[in-house]
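Using the sequences provided together with the hints, build the complete structure.
Spelled out from the first residue to the last, the chains are:
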Amino acid sequence: MPLPFDELYRLYATDVLRVSYYYLGNREQAEDVTQDVFVKLITNQPELEPGREKAWLFKVALNRCRDIWRGSWFKKVVLGHPAFELFPAPDEIGTVADQYDLAEAVGRLRPEFKEVVLLFYYQGFSVTEIAGILGIAEGTVSSRLSRARNKLQEELKGDESR
Amino acid sequence: MIKLENLPEVTNRALDGLKADESLKAKILNAAIQEEKPYTYQKIRHLAPVLLSSVAVMILCIFLLNGKKPIPSEEQHLIHSFTAGNSETSPLSYAGIGSLSVKSIVRCSDGEKVENQQVEQLLDALKNNSVPVSDLQISMDDQLNLYDSDGLCFTVPVKAPYIGWSDGIRKCDSFFELLENAAD
Chain A
0 MPLPFDELYR
10 LYATDVLRVS
20 YYYLGNREQA
30 EDVTQDVFVK
40 LITNQPELEP
50 GREKAWLFKV
60 ALNRCRDIWR
70 GSWFKKVVLG
80 HPAFELFPAP
90 DEIGTVADQY
100 DLAEAVGRLR
110 PEFKEVVLLF
120 YYQGFSVTEI
130 AGILGIAEGT
140 VSSRLSRARN
150 KLQEELKGDE
160 SR
Chain B
0 MIKLENLPEV
10 TNRALDGLKA
20 DESLKAKILN
30 AAIQEEKPYT
40 YQKIRHLAPV
50 LLSSVAVMIL
60 CIFLLNGKKP
70 IPSEEQHLIH
80 SFTAGNSETS
90 PLSYAGIGSL
100 SVKSIVRCSD
110 GEKVENQQVE
120 QLLDALKNNS
130 VPVSDLQISM
140 DDQLNLYDSD
150 GLCFTVPVKA
160 PYIGWSDGIR
170 KCDSFFELLE
180 NAAD
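Protein sequences, first through last, are from chains A and B. Residue 142 in numbering that gives the first Met the number 0 sits at position 143 of the first sequence, with consecutive numbering throughout. Residue 117 in numbering that gives the first Met the number 0 sits at position 118 of the second sequence, with consecutive numbering throughout.
Just so you know, the hints here were simulated from the structure itself, not pulled from any lab data. Incorrect hints may have been included.
Unchecked claim - Some but not every residue of chain A turned toward chain B, in silico, with C-beta under 10 Å:
{"hint": "1", "residue": "Phe4"}
{"hint": "2", "residue": "Thr33"}
{"hint": "3", "residue": "Asp35"}
{"hint": "4", "residue": "Asp66"}
{"hint": "5", "residue": "Trp68"}
{"hint": "6", "residue": "Ala102"}
{"hint": "7", "residue": "Val116"}
{"hint": "8", "residue": "Tyr120"}
Backbone N, C-alpha and C fix where the C-beta goes; we use that ideal spot for every residue, glycine too.
So this is what it looks like as structure tokens:
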């Protein structure tokens with residue numbers, strides 16, 4: 000029996016929003032993506048196997064993010080100013096400085112690396128699941144993860160040495 | 000240095016203020032309601048070319064068939080024959096040629112009656128295509144008058160281009176060819 004919209008929204012909407020935000024670096028765009036994903040869920044009523052709902056939501060979300068990312072307006076206007084704003088809880092404001100480096104470094108990754116990092120490290124999908132969501136081979140997922148890790152290591156080392 | 004494995008914790012802390020709240024949910028539900036209508040329209044719009052094509056084909060068929068009376072089902076075995084340049088002759092039922100009850104066949108060229116034996120042969124030829132036309136001693140230049148039991152006369156030029164149809168249109172060079180095709 001498929002989960003109702005309310006339940007799916009409660010379980011996954013914030014994750015979809017945050018991943019979209021990570022991807023696009025723009026809160027409004029991320030909210031638009033989240034809206035599109037859940038509107039599609041309501042209007043298309045896809046037949047989702049139990050346990051596969053989250054993968055479907057992220058697949059649609061990342062496709063939508065990619066569409067926006069590829070948009071020439073977005074590239075010109077937003078890519079030129081990739082401000083990664085944090086939205087910490089009020090009592091966490093004093094501890095965000097060290098978190099900012101990693102979050103910003105992930106946010107600066109190229110889209111194809113950023114999406115595998117977010118799905119693997121942030122959302123906890125397996126390599127096989129990521130391959131299914133992104134429609135690419137498992138080997139490609141592993142390779143992108145490895146390259147993303149190296150890239151992040153370089154970035155964070157550079158930040159430390161500054 | 001913070002490790003990638005800590006990304007969920009880091010991100011959740013860093014983006015704790017970024018939540019899919021009730022206002023976003025309300026926006027989604029509103030958008031979904033708005034979307035339902037266009038979705039139906041989209042489906043119709045998607046079908047529109049197919050519907051328009053069907054209408055166009057129907058209109059084309061009406062134009063093409065304009066003036067040509069469709070054959071009613073009870074006349075399906077009738078062959079309406081035409082001679083080139085002439086108006087339509089009376090319809091002859093070749094499928095039921097026996098019911099025509101041909102009493103006599105007259106060569107119009109010389110007014111000479113065809114012998115009874117030849118009438119039978121001709122009838123056989125008409126019915127079964129069993130007798131070669133060459134054996135009928137009927138010249139291709141002849142014009143035949145076929146009289147039925149009611150005295151109705153069907154004038155049939157032997158050598159004339161015919162267009163007849165039962166299941167489909169056939170163009171024939173002679174009356175006999177028309178019959179042969181009709182017997183198929």
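To see whether the hints hold, each was checked on the structure:
{"no.": "1", "hint": "Phe4", "verdict": "8 Å, holds"}
{"no.": "2", "hint": "Thr33", "verdict": "6 Å, holds"}
{"no.": "3", "hint": "Asp35", "verdict": "8 Å, holds"}
{"no.": "4", "hint": "Asp66", "verdict": "17 Å, violated"}
{"no.": "5", "hint": "Trp68", "verdict": "19 Å, violated"}
{"no.": "6", "hint": "Ala102", "verdict": "5 Å, holds"}
{"no.": "7", "hint": "Val116", "verdict": "7 Å, holds"}
{"no.": "8", "hint": "Tyr120", "verdict": "4 Å, holds"}
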